[in-house]
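Residue numbers (the numbering used here), protein chains in the order written: chain A, 1 to 432; chain B, 1 to 253; chain C, 1 to 302; chain D, 1 to 261; chain E, 1 to 352.
Incorrect hints may appear among the rest.
[To be verified] Okay, derived cross-link-like pairs now, BS3-like style, lysine-lysine, Cα gap no bigger than 25 Å in a straight line:
#1 K163/E / K36/C
#2 K87/E / K92/B
#3 K127/E / K75/B
#4 K129/E / K92/B
#5 K289/C / K225/E
#6 K202/D / K195/C
#7 K289/C / K127/E
#8 K87/E / K289/C
#9 K289/C / K157/D
#10 K245/B / K202/D
#11 K129/E / K140/A
#12 K157/D / K195/C
#13 K87/E / K36/C
#14 K56/D / K92/B
If you're looking for bench data, these hints aren't it; they were derived computationally from the structure.
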Amino acid sequence: AGKGAASPTATASPTAAASPTAASPTQTASPTQAAGGSAASKPKEITIPVGLLVDLSGPTSGVGRGYARGAVAAFKYFNEKGIYTKDGVRVKLEYYERDYGYNPTRAVQYYKEFRDKYHVYAIVGWGTADTEKLSTQTAKDKILYISASYSAVLVTRPYNFFPAPDYSTQACAAVTWMAQRKPHGTLVLLYDHRVEYSKSPIPAIKAMAKKLGLKVYEVDLPLAATDADAEAAIQKAMQYHPDFLWCGNTISSCSRAAKAMAKYGLKAVMVANVWGFDERFPSLAGAPEKLANLVAGVSPWKWPEYMKDKPGYRELYEAARMLGIPEKDVNLRFMQGFINVWLLVKAIERTDSKTLLQKKGEALKEALESSCNGEPIKLGDITPPMRYCPGNHLPFRSSYIVVWNGKDFVFEGPITPKGVDCVKATLKASGG
Amino acid sequence: MDYVLEVEDVRVEFGGIVAVDGAGFRLRPGQILALIGPNGAGKTSLLNVVSGFYRPKRGRVVFMGRDITRVPPHKRAAMGLARTFQHSELFKHMTVVENIMAGLEPWRRYSILDAALWTGRARDWEEWARWKAEQVIDLLELHRYRDSIVEGLPPGIQKRVDLARALAQDPKVVLMDEPMAGLSREEKEDLARAIVEVNETQGVSFVLVEHDLEVVMDLCDWVVAMESGRVISEGPPEKVARDPKVVEAYLGG
Amino acid sequence: MVDSAALAVITFQSTVIGLVFAALGLGFNIVYRVSKSINLAHPAIVLLAVYVTLVASSYLASHGLASLGFALGTLVAAVVGFATGVAMEITIARPLRGRPPVALIAATLGAYYILKGVAKAVARDMWTTASYRLPGISISLGPVVVDATDIAAIVLAGGTLAALIVLHRFTRLGVAMRAVAEDPYGASAYGLPVKTLTMLSWGLAGLAGALAGVALASKTGVEPSIDLYVLEALAASLLAGLDSVAGIVVGGLALGFVRQMSNYFLMSWLPGFGDAAAFILMLLVLLVKPYGLFGTERIERV
Amino acid sequence: MPPLLEVNNIEVVYHPYILVLKGISISVPEKSIVAVLGPNGAGKTTLLKSISGLVKLDRGRVTRGWIKYAGMRIENRDPEDVSRLGVIYVAEGRRIFRELTVEENIEAVAYAWGVLADPELVYRYFPRLRARRRSRAGYLSGGEQQMLAIGLALLAKPRLLMLDEPSLGLAPKVVHEVYEGIKRLHEEEGVTILLAEQNARKALEIADYGYIIENGKIVMEGPAERLREDKDVQEFYLGLKKAEGGGYRAAKWYRRKKRWV
Amino acid sequence: MPAGVFKERYSQLMAHLRYPIHWAGLVAGLALLLALPLAGSYAMSLAIDAAIFFVAAVGLAVTTGLAGQISLAQGALLGVGAYTVAKTLEFLAAHGGVPEGSALLLIPAAGLVAAAVGLLVGLPSFKLKGYYLAMASIAAQAVLMYLFQRVIDPNQGVTVPDKAMTLGGLYFGGGGAALYYLTIGVAAVMALVAANIGRSSIGRAFKAVRDNDVSASIVGIDVAKAKALAFAVGAFYAGVAGALYALYNISFGWDAFGLDTSIELLAIVLVGGASRIIWGPLLGVLLLHTGWSLLDDVVSGLPGVGLIGGADTVKYLVFGLLVAGFVVGEPDGLVGVLRRVKEYFRLWPFSY
Ligand SMILES: Nc1ncnc2c1ncn2[C@@H]1O[C@H](COP(=O)(O)OP(=O)(O)OP(=O)(O)O)[C@@H](O)[C@H]1O
Ligand SMILES: Nc1ncnc2c1ncn2[C@@H]1O[C@H](COP(=O)(O)OP(=O)(O)OP(=O)(O)O)[C@@H](O)[C@H]1O
Ligand SMILES: [Mg+2]
Ligand SMILES: [Mg+2]
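Please build the complete structure, drawing on both the sequences and the hints.
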C-alpha cells in the first residue's frame, strides 16, 4: 500500500487548507534539514516518517485488514486534525504501509526499508513472532515500536509499547473471572502447542489457576483448525468434564471450537483471548442462541459499538465518518489499529520539536515513559490512565470479560488479576 | 581365456511375460558377434542382463573370467563392458563432448573438494578426459557436433555419439543394440568402418543386435539367432542365414 | 483410554475431511493427466471460489434471497472456477505445450499470485474470517452429530468426486484425455481434439477446485489462508498416484484419517503431529509403491 | 486434376534460427505412393511435420512457400486441424501412447473420430495385435508398436497417410509384413501415401515416384523405377555395389564421395 | 569458439572466463558490488538478503537444476543451518561463554550439518522420481518443521548473541558494510564453487542422472551416489545460507523456514531457468525475492490502485503477471530472455 496519503496531496486537501494552522507544503521543513540546520529557527511544521507493518494477505489477514484500516484511519484523522508537540509545532505523520503477509523474512526486509530508506521514527506493527524478533533490533536502532502483539516478552523491551495489558495479564483476568464464577472448577486449555502467540500466556494461566484452585488440563487445537480438529479437541476436552475452556488461538480456530461445543452440547464456558473473540464470534460459530452465556472473550477495552458517544470512542467514529468507512466496520479490530497510532500521537504530544528531531524514536520512547512518574496517558475512555515505566511497559492491568448472552455482548469487569505476577510467570517460562 | 564374455542360460520375466528363456552366448576376444531374431525375441532384454539393468531370474554372466551376475551396472562399465542403445539414451540436454566425457566418470581420480576448488588434480584429470573424448571424436568424425546439445541432432549422429561414449571407455566388449537402425546406406558404411577399425586395431569385441542382415553377414564372425527368448540357431553367418528355423521366424519367405 | 463416542465422532469427521481432501486433490490429478504438471494455482482457484461464494451469497442475502444465498453462491463459484481453469489453459498451458513441465509449473505459480490478487479484489472488505450462512440442521446418529456444514461438505465434495470419476473412468473421453496427456503431439497427429480436451480438463479441474473449496470452507470457515490446506491435499493426489482419478478417494480418506487420528491419539505426546504424520504416511506408501497406490508405473526400458 | 498435395518451395526454420528446409517442392497425386528418401538429418521428417503442422510444436515454422492440400492452404495450421482434413501422420519412432494399453490406444483415437471409427479395423489389418490388446503399448515389441501406430492412423480414415520410416528397427520379416499392410491399404482403401524412408530399397519397391532430399534440398526426383536404375542411388541408397566387391567390411578401404550437393 | 581465438589447452576451454568480454563483465560486476554500499544501507540490506537467498537457490539449482532431483525441503534446510549457528552459540553461552566472532566460524559448520541432514532428505530419491520425490521432500520439510517447533525452537525465537558476531572490531550482525562484504564474498565463492562442480566430472554425472538415470548407470555412473551427493551439496548451500540468515536476522524463529520458503526457493530456480546454476538463481532471486520488496513503491504509484482493492492486491496481480509473463514468454526461464537478447545482438542486423 505504499506511501500514506499524509504526503503533500493530503496536506493540500480542502479541509487542511481551510484550517488556519495548516502550513503550505513549501513551508514544511523536512526533518533532516531541520535537524541538521540551525536549531534557532523553529520550523512551523515537521513531517515524521512512520512505518506501518500489517498483514493484508497472509494467514492473519482475516483480522489484519480491520487493524490496518483502523491504523490508516488514525493516521489520516490525526494528520487532518493536527498533531502538535509540546512547543506547538505541528507534526505530520508520513506513513508507509507494507503488507508482509505474516512472512517473517519479509517483515525483516520491510523493517530495513523503514529504517534505512525512510528513516522512520516509529513503527506500528503486527504479529507476535515478528515483533518479538525485531525487538532486539528496534532497541538498537532506537525506533519506537507499537505492536498489535501484546506478548509479555515485549513488556520488558525498551522500545516496544502497546496500549493494553499483555496477553498473560489478560488471561489471568480471565482465570480470575472463572474462579469467581465457580471456585475449584475445571479448566481446559485449548491452544496450538507449537505457536508462540498461542503458548505465550499458558504459564501465567497455570500459575494463576493453581493459586485460585482451578484444575487445569491441556488440549491441542491447531491454529488452522478444521471442524474435524475442533470436534476432536472438544471431544477430548469433554473427557475432563470442564467448567471452563480457555481458547488461546485466533478467532477462526476458537469459533470452530465453539461451534463444536454447541454441536455436542458441552455446557462449559469458553473464554477466548483478545484475538480469538470479537463481534463476529457468534455468527462464525454458527449457533448464536445455543452459545448464549457459554462463550466469552477477554478484552482490555470496551468495544466501540457499546460506547459510541464516549470520549475516545467518539474519535473512532469521527475518523470513520471522515474517511467514509461505514459505522458497522468500526469494530474491535479497527479500534486496535486506531489506538496504536493514537498512542504514537500521544508520544509526539508529550515531546517538543527539538528533542523529536534530534532524538527521534528515543524522544518518543522517553515521552511515553515520562508517564511513569508524570502525567499518565489516557486515550479518551478507551483505556484507564496508562503509565509506562522504563523496563516495564505494562500500562495497566485490568481487562473485561465480554460475554455473549445470546443477543448481545455484556462487559463484565474490569478485572485486575491479583496475587500472581503474570508477566513474570510467562517470562520465567520462556527463559527470557 | 577362451571367452571374454559368457552368458549362460538366462531367464528374464516381467510379470507373466517370459522375455528371455534360457538364452545365452559366448564371445571370443576380438570377435564380432551378432544377435538376431524377430522383434520381441528378447535380444535387448538379454543385453540388459549383460549390462546389469535387468536382474535375471536364472543364469549367469561371466566377464573376463569373473562372474558379474550380481555386480551393479555402473561397476560393469568400469570393468570394460560398454553399451550402446536401441533408442537414443543419450543425455539429451548435454553437449556431445559432455556426453562422451560423462562416460569417463568411473575413472575420475579427484574428489568433490578438488572439483569445488578446481585444483590441479581436477584440472589435469579433466584435461586427460577431454583428450580422451577428442580421440573418439576424431575417430567417429564428430568434430562438427562437438559442442552441440544432443537433443536437436539427427538420430544418425546421436547413434554415433552413443558409440563414441562407449568407445571412450576403452572397453573390452561393446554391446550394441541396433546400431544401424535409421541410418542411410552411406552412414551404415561409416559406422561399419569405425567398428571394424576399433575391432582390428584394438582388439575390442562386439556384440551387435542387428536387423540389417547385410551388415550382419559382412561384419560378423558368429551369429546367434533367438526366438521367444531362446536360441534357435548359432554359427557362422552363412550357416545361420540358411537355417530354415531362422528363415521361418525371422527372415520371412 | 479410548472414548468410543469420541472415536465415532472423529471417524466421521475424518471421513468428511478426507472426502474434502480428495475433492481438493482431484483438480491436481486432472491437470496432471492432461498437462503432466502440478498446477500450483489450484490453491488460488480454491481461494477465489471460496470468496466468490461469500460475496455472491451475501449480495443475494442483502437482496432478500438469504435462503438461496449459499446454493447460488456456490453455483457462481463453480462457473468462476471452470472459467478460471479454461482461462489458464488458454493463457498458460497452451503456449507452453511441448515445453518441459517445469516451465508450466513456474507459470502456474505466477497464476497463483494473479488469482490471489483477483480473489482479494473480489472480496475487498470481505477479505476476512467469515462463515457461510447455512440452515441450523442437526441430526444425531448415536454419538455423531451431523450438521449443515457436514452435509454441505459431503454433498459438494462427494458429488464432485462422483461426477468427475464417472466421466474419467467410464467414458472414452477419459481415455482420450490420458492419450492427450501422454503425448499431445502424437494425439494431435491422430486427430484427437487436443485443444478442446485440454481446455475441458483444465476447466473441470477448476470446477472441481471451486466446489471442493466451498466444501472445505464450510468445514473450516472462510479464511484468507484457506489455500494452505490445498497443498496438503496434494499429498492425497500423490498417495493415490498423480494420474489416477478414482484413486484420489482412497488417497483423500487416508490423508484425512491419518491426519485426524494422529492429531487425536498423539495429542499428549506429539501435539499437532497430524500434518507431518500424513506426509510420513505418504512417504512410506511411496517407498513401497513409487507411483502411488493406483498410479501407473512409468515404463522404463532401454 | 491437381495433385492431392502440393508443396511449393517451402522454407522451414526451427527456433531460434535453424534453417532446415531450403526450398522444397513436391507433389503427391491422389491415390499414389510417393517416397521421400535421404540420409540422416536431411529434413525428411521436417517435411512431413510441416505438412501435418507438427513443426509448430517443435517451435518450427514454414517461413516461405506454401502447402496446398485438396485445394486448401495448410502451412502453419494447427496439427489437429490438419488431421481433421484427413492428413494423418505416423511419426518415426513408433509414436503411440506407451502408457495406455493397446485397446486404450485404439479407444482414444476412436473417440476422436466418433462413430466413423471402427476399432476392429486395426485388428483386421494387424491380427497379431489382438492377442496383446491388454498389454501396455510401451511393452510391445518394436514391430507390434509400428503396427499399432499405423493401425491407429487407419482409424482416422485418412485420405493422405504420411509414414515416417515405418521399417525402422523392424526385423526383415516384419518389415515385409508392414509393407504388405501398407500396400493392401493403398489398394483396398485407396489411401494416398507419402512415405519417408531410409530403407530405400523397400520404399522404391512400392512407390510410384520418389524424391531424394539432402541437406534440406531436393537433389533428385523421378519415377521409382528410374531412381532404382540410377547408379548413384544404387550406390548410396540401395547398396547394390556389393556385386563389384564392396560390402561393409570393404567400405573401410574404399569410399567414393558423392557428386551431388 | 569464434574464429581467431585459439586455445592451446583443453583446460582453457573449460575456464569460466574464456573471452575478454567475460573479464570485462567480471571487473564491472565486482566494481558494482564493491561500490554498492555507497548507495546506502537499504541497498546493502537488499543485497544481503538477495545474496542469502541466492546461495540457497544455487544449492537448490545443483540438486534440482543440475541433478534433476526436485526438492521442496530447502526452506527447512536453511533452518538447519540457521539453528546450527544459534543453538551452538546457545550451548557455548551456557558452557563457558561465547568466543568473539564464533558465529562466523560456524558458517561452514552450518553447511556441513545441513549437508548431513540433506543426505537423509535425499534418501527417498533412490526410489522416487519427479513429483513423487518432490512430495517426499515435503514430508522431510514437514518433519523437520515439527522438530523445530517442538524440540529445537519451542519458544519460536532464538537470538544470536552480539559477541559472536563481532570480530576484530567489526560487527557482522543485522546488516551494514561488514556483513555485506562477508555475504557477497561468501555468495561469490559459493557461486564459483557451484560453477566448478558444474563443469567437473561430478557435475556431468549429475546432469547425466538428470537426463537419463538408466543409461547413466549403464555407462558407469553410480546413480545413487550421485543423487546423494547432489542432495548433500544442495543442502550444504542451504546450510551456509541459513548461517548467513542467522547473522542478518539476529533473531529468528521456525516460521521463517516453512514450506512457503521452500516453494519460493524452488520457484526462484524454476523461473530463473533451472539449467543454469548461477545465472538462473541470480535472475530468479532478483525478480521473485528482491523484486517483491521493490514492487511496493511501483505499485502504489499506479493509477486506479484504490479501485481494485488497494496496493497490496495490485501487488499480487502485477507480480503474478510478471512471473507468468516471463515464463510464458520465455519458457527456458529468465536466462532464456538473456540468451535471446544476446542472440539478437549477435545476429543483428540480420534478425530473422
Ligand atoms: N521392462 C519390461 N517390462 C515388461 N516387459 C518387457 C520389458 N522389457 C521387455 N519386455 C518384453 O519382453 C519381450 C522381449 O523384449 P525385447 O525388447 O528384449 O525384444 P527385442 O528382441 O529386443 O525386440 P526388438 O527387436 O523389437 O527390439 C517383449 O515381449 C517385451 O514386451
Ligand atoms: N526441434 C528441432 N530444433 C532444431 N533443429 C531441429 C529440430 N528438429 C530437427 N532439427 C534439425 O533439422 C534437420 C533435419 O532433421 P529431420 O529430422 O527432418 O531429418 P530426417 O531427414 O528426418 O533425418 P532422419 O533420417 O535421421 O530421421 C537436422 O539437422 C536436425 O538437427
Ligand atoms: Mg530390442
Ligand atoms: Mg526422420
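Structure-based check of all given hints:
This hinted pair does not check out: K163/E and K36/C have alpha carbons roughly 52 Å apart, beyond 25 Å. Straight-line distance between C-alpha atoms of K87/E and K92/B comes to about 45 Å, which puts the hinted pair past the 25 Å bound. As the CA atoms of K127/E and K75/B are separated by approximately 20 Å, the hinted pair is consistent with the 25 Å bound. For a cut-off of 25 Å, the pair hint linking K129/E to K92/B stands: about 18 Å separates their Cα positions.
Between K289/C and K225/E the alpha-carbon distance is near 22 Å, which keeps this suggested pair within the 25 Å criterion. Taken as a hint, the K202/D and K195/C pair is broken in the structure, with Cα atoms around 37 Å apart against an allowance of 25 Å. A C-alpha spacing of about 9 Å is found between K289/C and K127/E, which places the hinted pair at or below 25 Å, so the restraint holds. Restraint check for K87/E and K289/C: the C-alpha separation of about 38 Å exceeds 25 Å, so the hint is violated.
Taking the CA atoms of K289/C and K157/D, the gap is near 41 Å; set against the 25 Å cutoff, the hint is violated. Taking the CA atoms of K245/B and K202/D, the gap is about 24 Å. The hint holds against a cut of 25 Å. About 49 Å separates the Cα atoms of K129/E and K140/A, which puts this hinted pair outside 25 Å; it is violated. For the suggested pair K157/D and K195/C, the alpha carbons sit about 21 Å apart, so the restraint of at most 25 Å is met.
This hinted pair does not check out: K87/E and K36/C have alpha carbons roughly 42 Å apart, beyond 25 Å. Pair hint K56/D plus K92/B holds up; C-alpha atoms about 21 Å apart against a cutoff of 25 Å.
Taken one by one, the earlier hints fail for this structure at numbers 1, 2, 6, 8, 9, 11, 13, listed in ascending order.
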